[in-house]
Amino acid sequence: MPELPEVETVRRRLLTCLPGLLVRDVLLNDATVSEQSEPELRALLAGRRVTGLRRRGKYLIVDLGAPQRPGRQAEEPAAAAASAATAVSPAASAAPAASPALPAASPAAPSASPAAASAGPTVAVIHLRMTGQVLFRPGPAERPPRFVWLLEPRTELHFQDVRRFGRLWAFPPAREAEFFAGMGPEPFGEDFTVEYLRRELEGRRAPLKSFLMDQRRIAGVGNIYADEALFRARLHPLRASGSIGPREARRLHAALLETLQAGIDHEGSSIESFVDPAGVRGSFQEILSVYQRTGEPCRVCGTTLRRTVVGGRGTHFCPHCQPRRGGMSPGSRRLQGSETPPRPGKTAGGGPPAV
DNA sequence: AGTGGCTCCTGGCGGC
DNA sequence: TGCCGCCAGGAGCCAC
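Quick note on the numbering used here: the first sequence kicks off at 1352 and runs consecutively.
Bear in mind the hints are in silico, worked out from the structure with no lab data behind them.
Be aware that a few hints might be false.
What follows is a set of in silico ranges between Cβ atoms, one per label pair, in the way DEER data are often shown [what the hints assert, rightly or not]:
1. P1648 / L1366: 35 to 41 Å
2. V1631 / S1388: 29 to 35 Å
3. P1370 / P1670: 46 to 52 Å
4. A1532 / A1417: 23 to 29 Å
Beta carbons are placed, not taken as given, at the ideal position from N, Cα and C, and that holds for glycine.
Whole structure, please, built from the sequences with the hints as guidance.
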């Protein structure tokens, strides 16, 4: 599951190959990948050079320059599309019709008009969600990519995404602030201080785990790194956010940064399907302390790790290292003492049961 | 306002 | 062996 470290890994890998390349054309094989149509995306992306790669939370941002030789755009991409549709994926044209219940895509999805946007630079924003993979110069694939960027010099960027939750947007830079409005600070940014964390925690009844995963509070933290950070901070995931004291907040702040940095250093966690744009797996999953280790012994104290559900998400913790003192969130009362026992063989339930 | 629960989507797994 | 149904999860949306 791509979270901040995985998206950062993708960004760093793409930095070595994507900037300077020209996007010749954009092909949508799956209309549901974007709320914008293929022609609309083409108008915003094709004929432009990649000028930069950034990340905001779990979003990957590709900066594109103003269109080059605008006069030629109309004919060239169409020809490229025709050749690529067969070369890339025979099933490309069999894209499903747009779902009637097209999921709304973004916090504040700006609908860019192609005509208005085609003159200046643009940004493309990609969210990998659960299983999205950005692959540079990919080999043959089992399934057609959900979208393809044809690049010059001749190569391709593919977006593979088994569960089809990933999304693509394109708009002028002026709309970026609106798009990301409401998203919390970057963990490695200046705004994410211990003071900020304390202020945000204060008075909240939601469980700590839910707080950490709320993108409005902190950008980029998902299920894996929330569980790992809470273990590192020795805080129970069901503690009420508002019950966290100053020292605990400092510990949580440090643990978050350390955990995310460790994820980046290990080039992400490849638990389900994460690979970087070169198809390389990360290694953070090899040093996980609690995530998906239900029933295994804690690496610190040997206690059998447990699993519960917080905010509908599988949550893994050590009952000894992460004690419950300090006040629980209201909804957690009924869960006390009822964490699910280890479930052998279950995908996300963790490993084999402890004897 | 804040919070929990449902929804999307698919592969993998358990159970019959 | 083969089929059915459940489960995982990021984030938008809705109800309470």
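Hints, verified against the model:
For the pair P1648 and L1366, the beta carbons lie near 40 Å from each other, so the given range of 35 to 41 Å is met. Checked against the given bound of 29 to 35 Å, the beta carbons of V1631 and S1388, roughly 33 Å apart, stay inside it. Distance hint check for P1370 and P1670: the Cβ-Cβ separation is about 48 Å, which falls inside the suggested range of 46 to 52 Å. Between A1532 and A1417, the C-beta spacing of about 25 Å keeps the proposed range 23 to 29 Å intact.
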